[in-house]
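Given next are the chains, with one letter for each unit.
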Amino acid sequence: MHLTIAVSGINATDNPGPGTGIVRALRESALAKEVELRVIGLAYDSMEPGIYMHDIIDKSYLMPYPSTGRDSFISRLEYIHEQEHLSVIISALDAELPIFIDIADMLKKRYDIRLLIPDRTMFQLRDKTRLKELADKIGIRVPGYTVCSSRGDFTKAVESIGCPCMIKGPFYEAFKAYNAAEADEHFHKIINKWGYPVIVQAFIKGDEYNVIGCGDGKGSDLGLFAMRKMTVTGLGKVWNAVSISNKPMLDAAREMVKHLKWSGGFELEAMIDVAGDIYLIEVNPRFPAWVYMAAAAGINLPERMVRLLTGRPFDTHSDYASGKLMIRYTGEMLRDISDFEKIATAGEL
Amino acid sequence: MEFNRLKTLAISDSGFIFDPTSGHSFTTNATGIAIISALKTGTDPADIAHTILQKYEVSPDDAERDVGDFLNCLQKLMLI
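So the protein lines, in turn, are chains B and F. Last residue of the first sequence: 349 in this note's numbering, with the numbers rising by one and none dropped. Last residue of the second sequence: 1080 in this note's numbering, with the numbers rising by one and none dropped.
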């Protein structure tokens, strides 16, 4: 039996997307032994490494940027579906998620393509600007923050929160500012790239902890997995991590799934300070780039998601060993320039 | 002092300690392992100092001070 799954976020760069990790998790799953798995990569740039990883991704297609509009996005998906007969799409990029939220029902009804993603309400409830509301509901703290929609608001917020503080964009990027001048510099960087709002958040001294999970949309999770970041890159991306069994962190994630009736993959980012208090930093509405770590440790969430979507039995346990290390590494491939030509000119490879 | 947290630590013979709750790891020597093992079983710190005194050639003051220093260290690491 064939099962064709499209996966986005195959930009395995220094700012890695989750796509190739998701695909590796699927390739190594029990599901891959039960069905003939075909994996399609959805890329936004000809140089996304996943396009060239023919050992795990069968074929890749270039997608139009979500900002070009819904119609061109849908047309491209329709074309890909005509070629590939997609059963499932695993969306792994924040920027495309709003479009997928809009068209998920249509894709299911018209083409029987299934996605497990949050709806618009859930998506908004985990927004960076509403973290306190969510943290209160799930019983953890949140660093003090102010959402600024003008330069005046920003100056007042930095004064009142004090330095060091974190300066964050509405979707991506966060910078630590040690003084008001640095805060100003980061403010301009964010405004020029992302626009308003800009969030000024108190800096919490402690360690970074993350939980990955997947909600079934009815209040239950398909499994949870927690880790501590051991080293991060200059861009703040995890490079090494260790699995942990931290009950308060896992309970908070479980409570979030229950409270929001979360649907789809997610990553809960938190800091634990020296007193042991947990502070919610962010909730990402998709699997994170380190998703393979959880899968390799026995919590294969992409597999469980696909099983749920295709009506197959799936595990929901969160039984994994603490003390498992994730070692990220760099690697190189050699491909012919004709591969680049195909993806750059025909939009598929 | 509360020693329950020590019971969750994974300690190897080499002196490598992993805290599965925080994900932190530490190293200690044979004496450190012996002190943690004794604390885990509920042994009083004064009795631990006495055991060290019998096992190693140290003065009673040194043994007591060493155990005290080690407890301070565990406290700073939030392990007790």
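Just so you know, these hints were derived from the structure itself, not from any lab. Any given hint might turn out to be false.
What the hints assert, rightly or not - Computed cross-link-like contacts, BS3-like style, restricted to lysine-lysine with a CA-CA straight-line distance of at most 27 angstroms:
{"id": "1", "chain 1": "F", "residue 1": "Lys1040", "chain 2": "B", "residue 2": "Lys247"}
{"id": "2", "chain 1": "B", "residue 1": "Lys258", "chain 2": "B", "residue 2": "Lys128"}
{"id": "3", "chain 1": "B", "residue 1": "Lys229", "chain 2": "F", "residue 2": "Lys1055"}
Claimed, not checked - To give a feel for the contact side, a few chain B residues facing chain F, derived at Cβ under 8 angstroms:
{"id": "4", "residue": "Arg228"}
{"id": "5", "residue": "Thr231"}
{"id": "6", "residue": "Thr233"}
{"id": "7", "residue": "Gly234"}
{"id": "8", "residue": "Gly236"}
{"id": "9", "residue": "Asn240"}
{"id": "10", "residue": "Val242"}
{"id": "11", "residue": "Ile244"}
Claimed, not checked - Derived, one-sided and incomplete: chain B residues facing chain F with beta-carbon distance under 10 angstroms:
{"id": "12", "residue": "Lys229"}
{"id": "13", "residue": "Val232"}
{"id": "14", "residue": "Ser245"}
{"id": "15", "residue": "Asn246"}
Heads up, the beta-carbon is just placed ideally off N, CA and C, and yes, glycines get one too.
These are the hints, each one checked on the structure:
For a cut-off of 27 angstroms, the pair hint linking Lys1040(F) to Lys247(B) stands: about 21 angstroms separates their Cα positions. Distance check on the hinted pair: Lys258(B) and Lys128(B) sit about 19 angstroms apart at the alpha-carbon level, within 27 angstroms; holds. Distance hint between Lys229(B) and Lys1055(F) is unfulfilled; the C-alpha atoms sit about 40 angstroms from each other, more than 27 angstroms. Restraint check, Arg228(B) versus chain F: the minimum CB separation of about 3 angstroms is within 8 angstroms; hint holds.
For Thr231(B), the interface hint is violated, since its Cβ never comes within 8 angstroms of a Cβ in chain F; the closest pair sits about 12 angstroms apart. The beta carbon of Thr233(B) is not positioned within 8 angstroms of any beta carbon in chain F (closest approach about 18 angstroms), and the interface hint is therefore violated. Here the hint on Gly234(B) is broken, as its CB sits about 22 angstroms from the closest CB of chain F, past 8 angstroms. Using the Cβ-Cβ criterion of 8 angstroms, the hint placing Gly236(B) at the interface with chain F is not satisfied: the shortest such distance is roughly 18 angstroms.
Annotation: interface hint on Asn240(B) violated; nearest CB of chain F at approximately 11 angstroms, more than 8 angstroms. Contact between Val242(B) and chain F, as hinted, is supported at the beta carbon level, the nearest pair being about 5 angstroms apart and thus within 8 angstroms. For Ile244(B), the suggested interface contact is upheld, since its CB lies about 4 angstroms from the closest CB of chain F, less than 8 angstroms. Interface hint at Lys229(B): satisfied, since its Cβ lies 9 angstroms from the closest Cβ of chain F, which is below the 10 angstroms cut-off.
With 10 angstroms as the threshold, the beta carbon of Val232(B) stays out of range of chain F, its nearest partner Cβ sitting at about 14 angstroms, so the hint is violated. Taking 10 angstroms as the C-beta contact cut-off toward chain F, the hint placing Ser245(B) at the interface holds, the least distance being around 5 angstroms. Given hint, Asn246(B) at the interface with chain F, holds; its Cβ is 5 angstroms from that chain's nearest Cβ, closer than 10 angstroms.
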